[in-house]
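A.B. asks: In the order they appear, the protein sequences are chains U and Y.
In terms of this note's numbering, the first sequence has 238 at position 238, counting the first letter as 1, and numbering is strictly consecutive.
In terms of this note's numbering, the second sequence has 127 at position 127, counting the first letter as 1, and numbering is strictly consecutive.
What the hints contain is simulated information worked out from the structure, not anything from laboratory work.
These numbers were taken from a predicted model, which means no experiment stands behind them.
Glycine residues also receive a C-beta, built at the ideal position from the N, C-alpha and C atoms.
A portion of the hints provided could be inaccurate.
For lysine-lysine, the following DSSO-like pairs were computed, each having C-alpha atoms within a straight-line distance of at most 30 Å [as the list claims (entries may be wrong)]:
1) Y:K74 <-> Y:K3
2) Y:K65 <-> U:K193
3) Y:K34 <-> Y:K154
4) Y:K3 <-> Y:K49
5) Y:K65 <-> Y:K154
6) U:K193 <-> U:K36
7) U:K36 <-> Y:K49
8) U:K36 <-> Y:K74
9) U:K164 <-> U:K36
A few chain Y positions that, by computed beta-carbon distances, are all more than 10 Å from chain U [claimed, not checked]:
10) N94
11) P112
12) S135
With the Cβ distance kept under 8 Å, some of the chain Y side facing chain U (calculated, not the full set) [claimed, not checked]:
13) S15
14) V50
15) F57
16) L92
17) Q109
18) T111
19) H113
20) D119
21) H130
22) S133
23) Y183
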Amino acid sequence: MSITNEVIENSSINKTQNNASLKSIRYVVMSYLNRKGQYTLSNYKRLEQIALEGLTELNLYDLETVEVAYLTMNEIGIIPFPSDMVDYTKVGIPSGGRIYTLTVNEDIIEPRYSKCGDEIFDPNHNKANLDTTGGYYFADHFRGNRYVGGLYGVSGGSNVAYVKIDRQRRQFLFEGNVPRSEIILEYISTGVKQDGSTMVPTEALEPLRRWIDMIVTENTPRASESAIARTTRAFEVALEKMRHFISLPTADEYRDKFYESLTQGIKR
Amino acid sequence: MTKAQLVDLFLDNLSGGDAPDDVRGKYHPLVIAKYIDVAYAQFLSETLKVSQANLDFLNMDYFRKTFTGISIQKDSNRNEYYSEIPVPIVELPNQESLVVHPDNDPVSQFTPHGSGGADAVFGVLEVHYHNSSNSYRLENNKVYYPGMGDDSCKVTMRLIPMFSAFENEDEIYLPTGGEARMYDLTIQTMLRKRAIPEDINNNNTAE
Chain U
1 MSITNEVIEN SSINKTQNNA SLKSIRYVVM SYLNRKGQYT LSNYKRLEQI ALEGLTELNL
61 YDLETVEVAY LTMNEIGIIP FPSDMVDYTK VGIPSGGRIY TLTVNEDIIE PRYSKCGDEI
121 FDPNHNKANL DTTGGYYFAD HFRGNRYVGG LYGVSGGSNV AYVKIDRQRR QFLFEGNVPR
181 SEIILEYIST GVKQDGSTMV PTEALEPLRR WIDMIVTENT PRASESAIAR TTRAFEVALE
241 KMRHFISLPT ADEYRDKFYE SLTQGIKR
Chain Y
1 MTKAQLVDLF LDNLSGGDAP DDVRGKYHPL VIAKYIDVAY AQFLSETLKV SQANLDFLNM
61 DYFRKTFTGI SIQKDSNRNE YYSEIPVPIV ELPNQESLVV HPDNDPVSQF TPHGSGGADA
121 VFGVLEVHYH NSSNSYRLEN NKVYYPGMGD DSCKVTMRLI PMFSAFENED EIYLPTGGEA
181 RMYDLTIQTM LRKRAIPEDI NNNNTAE
């Protein structure tokens, strides 16, 4: 990413966009430096990378970071994975305010034909325009105030579009008719955004600061075993506190669960 | 105290009185200024160590000189942007001697990028594209800005110059007690000259 005046201005905004619930990675690193009493930025990049790795760890195992992305495929039906995607939870298309997930089809051919360094589909491969076979088409219409789609008599198990997860090349392959070529992707995120807008939930601040301290201590030459054990313990305690915070239900959630278990008995 | 006054004071001390015989009245003011230059760097290094030990870096700010409105230029061969450092700086650990930030925005201070293998290491890590800060790389008397896209902004440099980079009328700020320590260091540096034997041939005879 190139740095321009605009980016400098934006980054300045990001630095001050800390609020009670979310803080920037820069805030985390500066907070750590302040605790250490180190008012020099000579190790800033190292510490920032350690913080990002810590945030990824927390997102993988403790924080519930499910991201949603609206993505548009290219002309041959490929969408690269978002850079912060660990794994997907849903791939679908929007319809009527809901997401309709697509079926995974392992038979879609993976593009492995290279042209000028870019991978494309084999030119001899005609991208299938998947029309559901076996049904009868007619105009969409309403009958008895009910919408009747333009396809009738189709056999079960067919879908308008399919997806294949090409993990080796970190991309989705699509086949079929996807309206506006737009899909909705729900995925587990590392939480690390490529545009620098990564935000850290407040409950993860203390574990993240302790994580940085632990990693820095571990990798300090001649660090004593007791110092390593102390920082590791401090991180574990902070992690437990965060887990406790996350797992606490709200009063309403608790009441809902409580009422769920109640049944009406005979009044005596 | 200005630089000229400091050199005069040292000259006065070295011309007689308590100065050791070896150095008394032997040196030209320009030569003394050179020795002070060496002693000044040593003094800064000692002060930084004390600052690091006490976590008190305010002392270092006394030595800084601020230059604003420094333009950014393009190195077309490398396709990178850079600024020239206006005066030679003392090289201190952790690039303590140089602070760079956009004009009127000290909060957005540029972070030292490191040199050597830093580009290769950071280049493949998340921190490379995360871009939560603007960085700089120090190369001799230039500061390069990795990832900078244009030269439209001006920068401020707060730096610790070498003693020789001060003008005669420039004020030299020394912490309390610093003058005496500087004098001691200067004398030590001058006396060290005699540690080098004039005849470097050693015939293993005691002479």
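A.B. asks: Could you run down the list of hints and mark each one as holding or not?
C.D. replies: Quick rundown of the hints versus the structure:
Restraint check: the Cα-Cα separation between K74 (chain Y) and K3 (chain Y) comes to about 35 Å, which exceeds 30 Å; the hinted pair is violated. Between K65 (chain Y) and K193 (chain U), the direct Cα distance comes to roughly 38 Å. Violation of the 30 Å bound is thereby established for this hinted pair. Between K34 (chain Y) and K154 (chain Y), the direct Cα distance comes to roughly 33 Å. Violation of the 30 Å bound is thereby established for this hinted pair. Annotation: proposed proximity of K3 (chain Y) to K49 (chain Y) holds, straight-line Cα distance about 24 Å (limit 30 Å).
For a cut-off of 30 Å, the pair hint linking K65 (chain Y) to K154 (chain Y) stands: about 17 Å separates their Cα positions. Our distance criterion of 30 Å between C-alpha atoms is met by K193 (chain U) and K36 (chain U), whose separation comes to about 27 Å. A distance of roughly 16 Å separates the Cα atoms of K36 (chain U) and K49 (chain Y); the hinted pair therefore holds under the 30 Å criterion. Among the hinted pairs, K36 (chain U) with K74 (chain Y) is inconsistent with the structure: their alpha-carbon atoms are about 37 Å apart, more than 30 Å.
Only pairs whose Cα atoms come within 30 Å are accepted, and K164 (chain U) paired with K36 (chain U) is rejected, the gap being roughly 49 Å. In this structure N94 (chain Y) is not separated from chain U by more than 10 Å, as the shortest Cβ-Cβ distance comes to only about 4 Å. Once the 10 Å rule is applied to beta carbons, P112 (chain Y) is inconsistent with being away from chain U; the minimum gap is 5 Å. Non-interface status of S135 (chain Y) relative to chain U is broken: a Cβ of that chain comes within 10 Å, the nearest being about 7 Å off.
The beta carbon of S15 (chain Y) comes no nearer than 41 Å to any beta carbon in chain U, farther than 8 Å, and the hint placing it at the interface is violated. The restraint placing V50 (chain Y) at the interface with chain U is violated, with a minimum CB-CB distance near 14 Å, outside the 8 Å limit. Against a cut-off of 8 Å between C-beta atoms, the interface hint on F57 (chain Y) holds, since the closest Cβ of chain U lies about 5 Å away. At its closest, the beta carbon of L92 (chain Y) sits 10 Å from a beta carbon of chain U; the interface hint therefore is violated under the 8 Å criterion.
Among the interface hints, the one on Q109 (chain Y) holds; its C-beta lies about 6 Å from the nearest C-beta in chain U, closer than the 8 Å criterion. Of the supplied interface hints, the one on T111 (chain Y) holds, with its beta-carbon coming within about 4 Å of a beta-carbon of chain U, less than 8 Å. At about 7 Å, the closest approach between the beta carbon of H113 (chain Y) and any beta carbon in chain U falls short of 8 Å, and the interface hint on this residue holds. For D119 (chain Y), the interface hint is violated, since its Cβ never comes within 8 Å of a Cβ in chain U; the closest pair sits about 11 Å apart.
Restraint check, H130 (chain Y) versus chain U: the minimum CB separation of about 5 Å is within 8 Å; hint holds. At its closest, the beta carbon of S133 (chain Y) sits 6 Å from a beta carbon of chain U; the interface hint therefore holds under the 8 Å criterion. Given hint, Y183 (chain Y) at the interface with chain U, is violated; its Cβ is 29 Å from that chain's nearest Cβ, farther than 8 Å.
Hint compliance for this structure: hints 1, 2, 3, 8, 9, 10, 11, 12, 13, 14, 16, 20 and 23 are not met, and every other hint is.
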